[in-house]
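Residue numbers (this note's numbering), protein chains in the order written: chain A, 754 to 1079; chain B, 2 to 286; chain C, 318 to 577.
Derived from the structure by calculation, the hints contain no laboratory data. Backbone N, C-alpha and C fix where the C-beta goes; we use that ideal spot for every residue, glycine too. One thing to keep in mind: the hints can contain errors.
[What the hints assert, rightly or not] With the Cβ distance kept under 10 Å, some of the chain A side facing chain C (calculated, not the full set):
(1) R931
(2) S935
(3) V936
(4) T940
(5) L942
(6) E946
(7) N947
(8) A1026
(9) L1029
[Stated by the list, open to error] Between beta-carbon pairs, the in silico distance windows are:
(10) B:L282 with C:V377: 22 to 30 Å
(11) A:G859 with C:A470: 20 to 28 Å
(12) A:S990 with B:L182: 44 to 52 Å
(13) B:N185 with C:A470: 27 to 35 Å
(14) B:Y187 with A:A834: 52 to 60 Å
(15) A:Q857 with C:G503: 35 to 43 Å
(16) C:V504 with B:L182: 20 to 28 Å
(17) C:A465 with A:A834: 20 to 28 Å
(18) B:L282 with A:S778: 54 to 62 Å
(19) A:G859 with C:G516: 53 to 61 Å
(20) B:V74 with A:R856: 35 to 43 Å
(21) A:G886 with C:G338: 31 to 39 Å
[As the list claims (entries may be wrong)] Computed far set for chain A versus chain C, every beta-carbon distance over 10 Å:
(22) T781
(23) P833
(24) A916
(25) R1035
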Amino acid sequence: MRALQRHGGLLLALAVVALLPATLSSGTLATEVLVYSLAVLGCNLLLGYTGLLSFGQGIFFGMGSYALGILMTRAGLPLPASVLAATAIGALTAAAVGWFAIRQRGTYFVMLTLAFAQLFYFLAYSLPQWTGGDNGLLDIPRPPLSLFGLAEFPLDTPWRFYALVAVCFLAVFWLLERVTASVFGRTLLAIRENEARARAIGYDTNLFKLAAFALSGAVTGLAGAFHALMTGIAPLSNIEYHASEMILVMTVIGGTGNLFASVLGAAFYVLAADWLSTLWPRWLMLLGFLLVAVSLYMHQGLWGLLQRAWQAATRAKTADPSQEQA
Amino acid sequence: MNVYLLQVVNGIGIGMLYFLLAVGLSIIFGLLRFVNFAHGAFYLLGAYFCYQAVQWGMDFWLTLAVVPPLVGVLAWAAERLLLRRVYDKPHEFHILVTVGLALVLQEAVIIAWGPLGSNVATPDALQGVVMWGSFIYPKYRLFVIAFTAVFAVLLWWLLEGTRLGSAVRAGSESTEMVTLLGINVYRVFGLVFALGAATAALAGVLAAPIRGVEPFMALEALGVAFVIVVVGGMGSFGGALIGGLLIGVVQSVMSTLWPEGARLMIYVAMAAVLLLRPHGLLGRG
Amino acid sequence: MTAPTDREPILHAQGIVKRYGRFTALAGVDLRVMPGTVHSVIGPNGAGKTTLFHTLTGTVPVSEGRIVFAGHDVTGEPDYLRVRRGIARSFQVTSLFANLPVRENLRLAVQGAQPQGAFDMWHEPGRRAAVNELVDAILARLALQSRADVPAAALSHGQQRRLEVGMAIAARPKAIFLDEPTSGMGVDDLDAMKSLIRGLATDHTVVLIEHNMGIVMDISDTITVMQQGRVLVEGPPAAIRDDERVRAAYLGNMITGGRQ
Chain A
754 MRALQRHGGL
764 LLALAVVALL
774 PATLSSGTLA
784 TEVLVYSLAV
794 LGCNLLLGYT
804 GLLSFGQGIF
814 FGMGSYALGI
824 LMTRAGLPLP
834 ASVLAATAIG
844 ALTAAAVGWF
854 AIRQRGTYFV
864 MLTLAFAQLF
874 YFLAYSLPQW
884 TGGDNGLLDI
894 PRPPLSLFGL
904 AEFPLDTPWR
914 FYALVAVCFL
924 AVFWLLERVT
934 ASVFGRTLLA
944 IRENEARARA
954 IGYDTNLFKL
964 AAFALSGAVT
974 GLAGAFHALM
984 TGIAPLSNIE
994 YHASEMILVM
1004 TVIGGTGNLF
1014 ASVLGAAFYV
1024 LAADWLSTLW
1034 PRWLMLLGFL
1044 LVAVSLYMHQ
1054 GLWGLLQRAW
1064 QAATRAKTAD
1074 PSQEQA
Chain B
2 MNVYLLQVVN
12 GIGIGMLYFL
22 LAVGLSIIFG
32 LLRFVNFAHG
42 AFYLLGAYFC
52 YQAVQWGMDF
62 WLTLAVVPPL
72 VGVLAWAAER
82 LLLRRVYDKP
92 HEFHILVTVG
102 LALVLQEAVI
112 IAWGPLGSNV
122 ATPDALQGVV
132 MWGSFIYPKY
142 RLFVIAFTAV
152 FAVLLWWLLE
162 GTRLGSAVRA
172 GSESTEMVTL
182 LGINVYRVFG
192 LVFALGAATA
202 ALAGVLAAPI
212 RGVEPFMALE
222 ALGVAFVIVV
232 VGGMGSFGGA
242 LIGGLLIGVV
252 QSVMSTLWPE
262 GARLMIYVAM
272 AAVLLLRPHG
282 LLGRG
Chain C
318 MTAPTDREPI
328 LHAQGIVKRY
338 GRFTALAGVD
348 LRVMPGTVHS
358 VIGPNGAGKT
368 TLFHTLTGTV
378 PVSEGRIVFA
388 GHDVTGEPDY
398 LRVRRGIARS
408 FQVTSLFANL
418 PVRENLRLAV
428 QGAQPQGAFD
438 MWHEPGRRAA
448 VNELVDAILA
458 RLALQSRADV
468 PAAALSHGQQ
478 RRLEVGMAIA
488 ARPKAIFLDE
498 PTSGMGVDDL
508 DAMKSLIRGL
518 ATDHTVVLIE
528 HNMGIVMDIS
538 DTITVMQQGR
548 VLVEGPPAAI
558 RDDERVRAAY
568 LGNMITGGRQ
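Given the sequences, and given the hints that come with them, work out the whole structure.
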């Protein structure tokens, strides 16, 4: 039972990975859910676990996309190496941005992440020789995955690519579960709870925040790399303010209480966008209303809503007077 | 006419609009202590209401007088219904509720007027140019500079010389004290939020004939407003003025030299100020 | 006049000045604390006692002055580094991890003394017996065993003040700085706190800010009286009680209590 509790999140993630092919007809859409789940996990690490509201996640997402695109189309690096490198670049960028941003607290911190987000966007825009400018990087290949020259897994169809992303996603989810439950993770929670207290008992809180940034950047960079592989392009929009905003919105709507909530938030957004945007192009308005509702009444987001529903349902069962009590 | 002189004058014009845009945000931050992400949306509403009014053939002067207070009322309603419920919650939710509001307003604008932009005609009385020796300049832009300058003086008088202004300034120091003095702080919050939104809307109305209207001007305005408020100093009227003019002129001059660089530079400036002197040029240190 | 000690002070602060803008909170304070003693800092409100604590524990940097602790110049070191030197503190306004269980509060404090271990991203906490034993021992000392798994916010005020002290003990420091540990406490809790502080004196140097003269007079070895950012007078309890300047500073006979 304890094992179930401890790994409940991972089991739910596994369930989602299995459910997506069963319920969706588009492999690309299913992959998109997992890709954004990774990005939201990265954002949640900062917001839910360290208490840092970052408007800069798009930076790391975009850098991951660009890195993968540049390495594969210009340096001809194989797929695994490019993905790993993009992850590393995401981590390094986040460490650099974080190093500056954590110099300030509260609102000033938020504004700093915003300033950096805009900065990177305009930088990407004005360096078309690297980023393709407005057009982005095009024709990003998706060669078969070759592991140590032994086996070859073709990734040409959307569902085959989904399989790769799913495996990586579960691995990352499992790793993040370990990290958030670890001594390090608990220290981050303490910093979020009361930073002054954490410092007074001996923790160099800036160092911990920096580590959280690097971790967040790595996961988000990975998401960006997969996004580029999925679509074949590394567009400017991945590093635009809107991307940062949407990742943050997904995080808050899903809920910041635990890791699976991030998957919920990403899935909700991606599937709603796909389904609603054909019905009503202005579906973002609903998202706006939902965000307001969450801010006012549902701080634990969709996850909190589900949790409360589950508790109400199980309470109704145990309130049954015909049950025997020892 | 000297190209750079032209750009400087343009920059002053833009700078005055930037001031209008930023001063509301600055005051809201000074008193309510959070960043209003819906600020760009109020600017947007001002611009689009102006566009609609012109479409209906309304007199421009009437539009100028009616639209900003209308947006102010909308903002006041938003504060009462939404913001007041998050003041006691963690500060992330103050920001997030305004992000949500901004999304709703922006989408509402697109629903009402479509996703593409439109032009807004310059009012008849202000069409054409002014000629003063070798100085040739559009009448409307000069009007904007003059009007905004007068408005700035009025606003300054409101903040410095009236009881409301004193309440606002005192409230920025300590909301607790102000409550103890018997002033209904929440009513002041509502008024300030409305005032901030109204000035943003005013900027929108004035800007519409110059740059037309399109839905994404909200985001652009928000970004610039943030930069000015940070550089000038959050909570400072003078900072919004100096910041606005500085950014306006620099941006205008740079646009002839290195267009992309102009926008990059202002965000570098914003980051630099936040890191080195977070209270900005004139903010309280 | 007591004979001069030939031991080195464990804490030696010289010429401490702290300015906030144009306001000078500390205008040149010298303090020498002898190891193994209970050293109280008293004075009327606004004297700068808490500010002095902030500078000594590294919570805020000094504007001028020098602080030497256990032979190290710690003047430039921020608070989290001074913990490793052996300095720990409690706060005047309760500052705990309110939503975390009491046990977790203490575990964090114990781990904080060896923060490198907190970068372990793989293992869950609670595996090291030494840490668990220390946490249990402190819980017992604070008489909070029954509340160990309750969020800190759910404790009574007196229990929270005790936990504040516990957070300092958990670092196994050389010197503990307690800022008004009994503030807001009722009579029942006071005795428990008093014996807790007295128990601390056997293993630690205790530096204490207190308004409760009963405790101050009873347990202090040395008392430093502050006023308006400076040291007014310093000496053993008996000398302080009879000092005219101290009476004047407190505007009356508030210095009562303790053994006659």
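Violating hint indices (sorted, rising): 8, 9, 16, 17, 19 and 21
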